[in-house]
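Novice: Heads up: the protein sequence lines correspond to chains A and B, in order.
Under the numbering used here, the first residue of the first sequence is numbered 1, with each subsequent residue one higher.
Under the numbering used here, the first residue of the second sequence is numbered 1, with each subsequent residue one higher.
Covered stretches of chain B (in silico footprint by chain A; criterion: 3 or more residues with CB under 8 Å from a CB of chain A, positions within the stretch not fixed): (1) 238–244; (2) 258–267.
Coverage of chain B stretches by chain A, computed from C-beta distances (three or more under 8 Å per stretch; other residues unrestricted): (3) 215–223; (4) 247–255.
BS3-like cross-link-like pairs, simulated, lysine-lysine; straight-line CA separation at most 27 Å: (5) B/Lys220 with B/Lys584; (6) A/Lys122 with B/Lys277; (7) B/Lys44 with B/Lys456; (8) B/Lys220 with A/Lys18; (9) B/Lys540 with B/Lys32; (10) B/Lys543 with B/Lys456; (11) B/Lys186 with A/Lys122; (12) B/Lys32 with B/Lys44; (13) B/Lys32 with B/Lys456.
Read the hints as simulated data drawn from the structure, not as lab findings.
Fair warning: this is a prediction, and the values are worked out from it, not measured in the lab.
Ideal Cβ placement from N, Cα and C applies to all residues, glycine included.
Residues per chain, in single letters:
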Amino acid sequence: MMATSVTKKETGRIHPHKFTLWVAMASIIMAFAGLTSAYIVKKNQSNWLEFQLPLVFWYSTAVIIISSVTMHLALKSFKVREMQRYRSLITVTAILGIVFTVLQYVGFQHLEKAGISLVGAKSNPAASFLLVITGLHMVHVLGGVIALLVIFFRAFRTSVKQYSPVPLEIAATYWHFVDLLWIYLFIFYNWVG
Amino acid sequence: MATEAVLQAHATHDVHGDHHHEHHHHETFITKYVFSQDHKMIAKQFLITGMVWAVLGGLMSVLFRFQLGYPDATYPWLEDLLGKWAEGGRITPAAYYALVTTHGTVLVFFVLTAGLSGTFANFLIPLQIGARDMASPFMNMLSYWFFLAASIVMLSSLFVETGPFSGGWTAYPPLSALGDASPGSKTGMDLWLISMALFVVSSLLGGLNYIATVLNMRTKGMSMTRMPLTIWALFFTAILGVLSFPVLFSGFILLIFDRNFGTSFYLSDIYLAGVEKALPNEGGSAILYQHLFWFLGHPEVYIILLPAMGMVSEILSVNSRKPIFGYMAMIGSLFAIAILAFLVWAHHMFVTGLNPFLGSIFVLLTLLIAVPSAIKVFNWLTTLWRGNIRFTPAMLFAIGFVSLFISGGLTGIWLGNSALDIHLHDTYFVIAHFHIVMGVASMFGMFAGIYHWYPKMYGRYLNNTMGYIHFWATLAGAYLIFWPMHYEGLAGMPRRYYDYSIWESFKQFAELNRFISTVAMIVFAVQLLFLFNFFYSIWKGRKVREQNPYNATTLEWTTPINPGHGNWVGEIPEVHRWAYDYGKDGKEFISQTTPIGADESSHH
Chain A
1 MMATSVTKKE TGRIHPHKFT LWVAMASIIM AFAGLTSAYI VKKNQSNWLE
51 FQLPLVFWYS TAVIIISSVT MHLALKSFKV REMQRYRSLI TVTAILGIVF
101 TVLQYVGFQH LEKAGISLVG AKSNPAASFL LVITGLHMVH VLGGVIALLV
151 IFFRAFRTSV KQYSPVPLEI AATYWHFVDL LWIYLFIFYN WVG
Chain B
1 MATEAVLQAH ATHDVHGDHH HEHHHHETFI TKYVFSQDHK MIAKQFLITG
51 MVWAVLGGLM SVLFRFQLGY PDATYPWLED LLGKWAEGGR ITPAAYYALV
101 TTHGTVLVFF VLTAGLSGTF ANFLIPLQIG ARDMASPFMN MLSYWFFLAA
151 SIVMLSSLFV ETGPFSGGWT AYPPLSALGD ASPGSKTGMD LWLISMALFV
201 VSSLLGGLNY IATVLNMRTK GMSMTRMPLT IWALFFTAIL GVLSFPVLFS
251 GFILLIFDRN FGTSFYLSDI YLAGVEKALP NEGGSAILYQ HLFWFLGHPE
301 VYIILLPAMG MVSEILSVNS RKPIFGYMAM IGSLFAIAIL AFLVWAHHMF
351 VTGLNPFLGS IFVLLTLLIA VPSAIKVFNW LTTLWRGNIR FTPAMLFAIG
401 FVSLFISGGL TGIWLGNSAL DIHLHDTYFV IAHFHIVMGV ASMFGMFAGI
451 YHWYPKMYGR YLNNTMGYIH FWATLAGAYL IFWPMHYEGL AGMPRRYYDY
501 SIWESFKQFA ELNRFISTVA MIVFAVQLLF LFNFFYSIWK GRKVREQNPY
551 NATTLEWTTP INPGHGNWVG EIPEVHRWAY DYGKDGKEFI SQTTPIGADE
601 SSHH
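Okay, chain A solo, but in the shape it has when bound:
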């Protein structure tokens, strides 16, 4: 692996793809900053519906935090080349990601059942904001799941062996990022907004 040796020579210099991810995360933060600012502006105007967040969003928060832990462990196992453990952990992480988005969807349904419309003529911007912001976050989580699936199938491929941790590190950083993003949104909905 000549490539790894070259990379290691330049210590302290971040890999261009990793760096690109950090810029992309700044970009994503701006999208959510825009939406949550709009939320605050709208909340301070007339006709804002106050409602309690369904309990299921607490469960989904727990799920995404656990998925971050499994992601972290998966990366650790990859680095010490415990491939069996790595494969199972990355599988668990992806499944937890899907469970998270399903739970978010269940949360929307609980709201609808409680008579709080998210869309349509009777909807209040307060509920619609929850749908749009949470929905956009779900799309970002699903993007992470797709990235994990790609890595997952690579992990089972035997013809080419993967030694570089860079793709997995990028996926892990992104995964922790969407986790933190949700924690921010969760705190925002409950206590700030």
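Since the structure of chain A is already known, use the hints to place chain B on it.
Specialist: Quick look at chain B alone, frame taken from chain A:
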């Protein structure tokens, strides 16, 4: 790909250069011209797509200037050309608003954003910092293809039955949110939103790449403060885009929900007269959209302007045979503009009922932009001062840029005042201001860039005589078109009206409007001369015979005359000095690759 990128960044292996040398012999037509991952080819793709849009967008302005200049005349040939858009030989009101809207959208986003920074960031960043390609050539290719997809969707909206979107390029709700509001708000608006969403994706993919490339892929010795100002400007442009386009995207998402899913983010208490229907939406705020839109909208102005500023700085220095005056001040002022760009958006909204106290803060921040702008103008003029000036077409366009930036920038001080804005907002004064300072000035920057780097792009020169005619006619035309609009605006003539001849107050401007329209047609015709020059010279232009035809110091002139994918044969040159060693120690110029001599005076 990842390992290759790392290798390219440092290129310390002899093997590597040979590998690249071999590589580009295997290219097929498809990989070379269509699905190319070579930054130089992607730049040309952006440029030519942008030129197609410039012609279409320019033609649209000529068409609506027909209506403004000759409101009573009818032209049967217009009906032959446009069909029901020009029933009876006169542009219909619906068509007029569709043309105005599409002209604005296309020129701002497709020509002056994608066409300008798409072209020159792609072309110049790797060549001037000494990289073989972008950090991710694949993402770079995707950036172009998303732009092309956006273009095709936007183009298709011109042909739907209800016409393209016609509520102004800013797409304010409720006009943009309600299909029943106007014909253009139906399918045309859906296509507009799809096209713009694709465009935002394209911008983000491009911008991410530009930032990562500038920060990570510089050749040995190329410290940040040795980079040419073009790269600094393109770097700040990319940061502005990456941080502001997502906010626009957020605004669009809410708009899509209002349009299609009955939410009330922007809508409240609306009665639609056309269909005699009261809408159930309550509690929304149309002003909210304006905040989200202008949070992008204002940085967007600098996304358009900064690349032109960077290229002009470079071209002025090369053709004055002098170092750029105040290099660090130029970087500092670019930085200041980039920061202020995010803090002034509400000056577009002074008359929306904005709190006057808040307004006064935005006035202050807006007027602060005059400081870095004045620093830049001062430095450009002092770069020219006592220079050994070569009046090439590129240089003329660069000087023209400075002229237009001053003229248009001064009226910005008027418009930045919230009190004056009560009178001037939404008048022709605004049109005059932003067309001169942002539209035409950036077009001049783009032309300067094309004339200057054409030999590097195609290995041939553009025809200079045609270039001179193009420059003088465009400069004179630009002032003749937009200068009189200041007077119209001061007299209170509002923008976006279909017919001014029925207003007693504005009848006095009938002949002035006709004059502006006539000049607009002539200037448009002159641009066709440039197009001819451009395409003719690709195949028939005078061949470039020397590696460094301008005696410039920067790295792009150390590549072969027709560089292949990978740019340099063999190793990437090492950089030993900044990009502006002109006339130093009695030497005409010293290339960035020349090591510092033993008895050299102080260096960067």
